[in-house]
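Participant: Construct the complete structure from the given sequences, taking the supplied hints into account.
Protein chains: 4
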Amino acid sequence: MATPKNIAILGASGYTGAELVRLIATHPMMNIVAMSAERKAGQEMAEVFPHLRHLDLPTLAKIDQIDFSDVDLCFCALPHATSQKVIASLPKALKIVDLSADFRLRDPEEYAKWYGGQHDALECQAEAVYGLTEFYRSQIKAARLVAGTGCNAATGQYALRPLIAAELIDLDDIIIDLKTGVSGAGRALKEPFLHAELSEGAFPYAIGGTHRHLAEFDQEFSAIAGRPVKVQFTPTLLPANRGIIANVYVKGDAEAIFKAFQKAYADEPFIEILPYGQAPSTRHVRGSNYCHIGVTADRLSGRAMIVVALDNLTKGSSGQALQNANLMLGLPEDMGLLSAPVFP
Amino acid sequence: MATPKNIAILGASGYTGAELVRLIATHPMMNIVAMSAERKAGQEMAEVFPHLRHLDLPTLAKIDQIDFSDVDLCFCALPHATSQKVIASLPKALKIVDLSADFRLRDPEEYAKWYGGQHDALECQAEAVYGLTEFYRSQIKAARLVAGTGCNAATGQYALRPLIAAELIDLDDIIIDLKTGVSGAGRALKEPFLHAELSEGAFPYAIGGTHRHLAEFDQEFSAIAGRPVKVQFTPTLLPANRGIIANVYVKGDAEAIFKAFQKAYADEPFIEILPYGQAPSTRHVRGSNYCHIGVTADRLSGRAMIVVALDNLTKGSSGQALQNANLMLGLPEDMGLLSAPVFP
Amino acid sequence: MATPKNIAILGASGYTGAELVRLIATHPMMNIVAMSAERKAGQEMAEVFPHLRHLDLPTLAKIDQIDFSDVDLCFCALPHATSQKVIASLPKALKIVDLSADFRLRDPEEYAKWYGGQHDALECQAEAVYGLTEFYRSQIKAARLVAGTGCNAATGQYALRPLIAAELIDLDDIIIDLKTGVSGAGRALKEPFLHAELSEGAFPYAIGGTHRHLAEFDQEFSAIAGRPVKVQFTPTLLPANRGIIANVYVKGDAEAIFKAFQKAYADEPFIEILPYGQAPSTRHVRGSNYCHIGVTADRLSGRAMIVVALDNLTKGSSGQALQNANLMLGLPEDMGLLSAPVFP
Amino acid sequence: MATPKNIAILGASGYTGAELVRLIATHPMMNIVAMSAERKAGQEMAEVFPHLRHLDLPTLAKIDQIDFSDVDLCFCALPHATSQKVIASLPKALKIVDLSADFRLRDPEEYAKWYGGQHDALECQAEAVYGLTEFYRSQIKAARLVAGTGCNAATGQYALRPLIAAELIDLDDIIIDLKTGVSGAGRALKEPFLHAELSEGAFPYAIGGTHRHLAEFDQEFSAIAGRPVKVQFTPTLLPANRGIIANVYVKGDAEAIFKAFQKAYADEPFIEILPYGQAPSTRHVRGSNYCHIGVTADRLSGRAMIVVALDNLTKGSSGQALQNANLMLGLPEDMGLLSAPVFP
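Chains as they are written, first to last, in my numbering: chain A, 10 to 353; chain B, 10 to 353; chain C, 10 to 353; chain D, 10 to 353.
Rather than coming from a laboratory, the hints here were simulated on the basis of the structure.
Accuracy of the hints is not assured; some may be wrong.
The list that follows gives simulated cross-link-like pairs (lysine to any residue, SDA-like), each with its CA atoms no further than 20 Å apart [what the hints assert, rightly or not]:
(1) B/K199 with D/K49
(2) A/K239 with B/K260
(3) C/K260 with D/G218
Facilitator: Printed below as a string of structure tokens:
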């Protein structure tokens, strides 16, 4: 019987860190041997996340207290900008899945433009593979450093990549109207994320084409099309914790689009194409690594809407990260990721 | 001192009926003298809606038990199709504000197409005035029968009417992506409206251009433009009770749009234009008759997004109805409607 | 026609401050002439609370920038400990309704014990009247300084004061199991109050008899009984914004208790006694100044449960404050407070 | 390698049925070979519960269409009263875990009293074992028919059984104040369970000692004590989908109680005792089979409060059922049940 892999999680006191622990808890081939949380070093995970109290986990440590010599793979769930500094300092042979935005953009100028500063680990950036598993699978298997995608960026790409590749839609008229639960904002203490302010409410943010995940859309869609592609993208904050759902408005033939999805995702373990004319719901993917996609023709000829739903913390972040880690470690891609969504 | 007006409410056991009672409870010039609820006739309102138990209200009756001779104005909060039959049978001089869809469409063929049957009260339809107060004010003042708008239809029109009238946008490329709380569905007992199914969820419905409020958009926008205008419109159900918020995507100059709103709504008591570049939230209009509108330019030149938020039960339905009733009765338009939104 | 009173609100950037503004917005005899918020001085209220943007309000100021010479009454919605310092420095003739805990406890030693420090304004404390309107009405009318009650303290007292006074229950075996929405915690930025942490959750806090509102229970119940009375009291945080509901377990005769309530509250404009054997819901008082009370006998002989529901921000805090202010200013007690609850 | 067991689920279209499917989906030693839903026979599970669409499941059938000859164990998630008729008609050797109330009460008179009718399968009742795993483990291993407990009944028993057994508390003064999410009511279409009616609300129900789970408390506690024990028990409906949390008020020594829990549950895989003086939250057990228990002394000498939290659909129902099925089939008790709670 094979030996489980030793896993470290840096930034374990945030939601994506906790989600990694939740998923790995029942993974048969991974052991968590180290976890960091700079400001909560010395605490037990049960104090920080009481829902994990039944697990036998290492005490939270500072990163520089961790011995990486026996670690097979390290997840970095650190804030942007911090992540690049930390990763640059880790052993050069250590396999890493980064969940931050730091290594998603291949062009340093784009990074500087969207994230407001120079990149401090360009040599790591050079070897980073973009972590959208279904479209970078072979590179991920061979990668040392994988850059997890933005959760919104993943959602939009599942809708659009096969259509751009198959030249099925007008590239100059794409609108992604996306709704997201609040856990995507992390454990940040800000007024709009208080229950008293968000419950029973909904509002768009990062309006006008200012959301940073647009940088990923620009990079990826332009690469597929071989010409610049710029979409409109507006996220709306929902009074919900988990879940992203995007209405993607395109000009193209809905039935051809449907067939393109059936073909593109035929063998994908986590992508479910709904019957033609149906739309998914965030509730039906909650807590799972599954992504549901529906296609509908509009009453207006030549227009179609694609609806994509996934759980931002799982398929949009920590689940994706684990899927990539499985590939990097030579394990079955779906190991530890087959739990069904939690409904109701 | 003037004598208060006598008011009847038909269909008082639904949410819009209850909302009318809530608003009229503190209206200084209206007395509720009769209320109907066919299946709950004989019950007190406190049994049907315990939040109204402190009020001294008439016992619920069947419609044919009500004496309309002293009634100054009657609100009809009945289901579609029922409403037209009832209104056709009411005294011909009775002032009526109808909250159903029955008298919104001027073309009987459009009614038949969208609502699936012949209209049974075409003579009433002929005199009905469309109830979007800000744009039909003078006709409403003189009307006997006012047809309340769809709540989604009102929301979209606040965003688009001034822009179509001022020829500021491309009429062939308009997308209304709207999110709505569940009270718009009424007190219907259906699985998707259960707390256990809706809470923490969100999903689009009536996809593909099939929502009936499109008939109102078609009628109104085409009339303003003097040519057919057909928009794309998709509603998403939110895990929230009250509130509609719509992202309206248009091609046009955002600053010109902003100025058009400032001009069109300068004297409106219930329409608030936010500072340029800001977006509203459903939480900030909840329980009130106020409507908040924001305009933002997109990063893509020549594209703008208008965001409109209102409370579907108040400004989108019962508040609008009361605003119209005030006009029909010669009362100040804002009487009983100035309560501030409830936040948090 | 009488001249409206000039009102100042100190601490307008918190939830109770905003709730005061909301209620006073439609009060026919009050004008808000000054509002303070130390850290947000210079901002408009529309920036701090966008739901109030339609109102014409004074710019937020620092307290020492306010001219109190024309102010008829000042509401203090400041944090505990701060409030006593500020009030001690205000003009000695200014009528004040304080919403903090600072002047609720008549015994300075009790204050020191529960609030962890010496009281800095004992001379103000000496003239303060406890603000539970229904039981201190005549003193409040004559008072210069009224100390608003704790929201939980008000809830429990509505259940128990008439029963202790009428000697209907065992004083040594009283349990108050109370559930509260999160707005009672104010706009504090703490992890348990984040939507992502509270939604779909519920947990007791201040367990073991440590909640500070117990000091009010001890003071008031002992005074009525003429002997020490100490209750058990546990609050549970609900995934809801507004509303308190308490199950109060007593040993006594349920029918006698019901009659005592009917008698005690017969003329009260805001207290509704439900039919015997029914229980209220927070949803049915939401956003209003009404309090609903129900009484039920248990299957175990000699035991009864009283259930009390009110809105913590309205009847439990700002609505109570306004009710008291009306009395202090010689206005009708219910002026501006008759809005019906918002449901759904 | 062992052969997986063949499993049938009767009543698969309700929440407990869906939860069984969710849990068994990743169970390495169970295959679902048949599922029934009388009114939805012929449909695929993906139509009834879209969150399960990724699974390869049998088509829903009527019970009399199912061939039980190869079934190793059958879960019955049918409504009360229906369940006893169906179980009486199933093969006499078939292992059955029943999730209804039909076989929980050993005394047919108690059944008739609480459930309002004669029991139609007394011969099955005679062999039924009460399904509270931790306290009936050896009987469950040997049982053919196990009667799953009420979800509230399980919660209260985890708090009280060890204390009654150890004679640590006053048996005549026990109050269970319990709060529960709405999924415990099943998929029933009733107004109080609509999102619009429940969200932001909370109210007690089955007040006065009328909840049927009291029958289980009476049966079990009296059996342990060897004398009649009758508790007070009031449930409150929470605006949440999953989760039960109970404050259990007892007279006894808190530290002795804490030690009794540590001893009683020392080897239990799913019961977590929190550090002394802490209380659990429903959010920290959500979607899992774990139960969290906390003990606190009150400020009043000799009084203690035990707080118990579990997920009503998992540990309170379907998870418990699977735990028992594992025992009956000779499988590891925790197989398929180790998923961590879903937070946030």
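Participant: Compare the structure with each hint and give your call.
Facilitator: Each hint tested on the structure:
{"no.": "1", "hint": "B/K199 with D/K49", "verdict": "16 Å, holds"}
{"no.": "2", "hint": "A/K239 with B/K260", "verdict": "15 Å, holds"}
{"no.": "3", "hint": "C/K260 with D/G218", "verdict": "14 Å, holds"}
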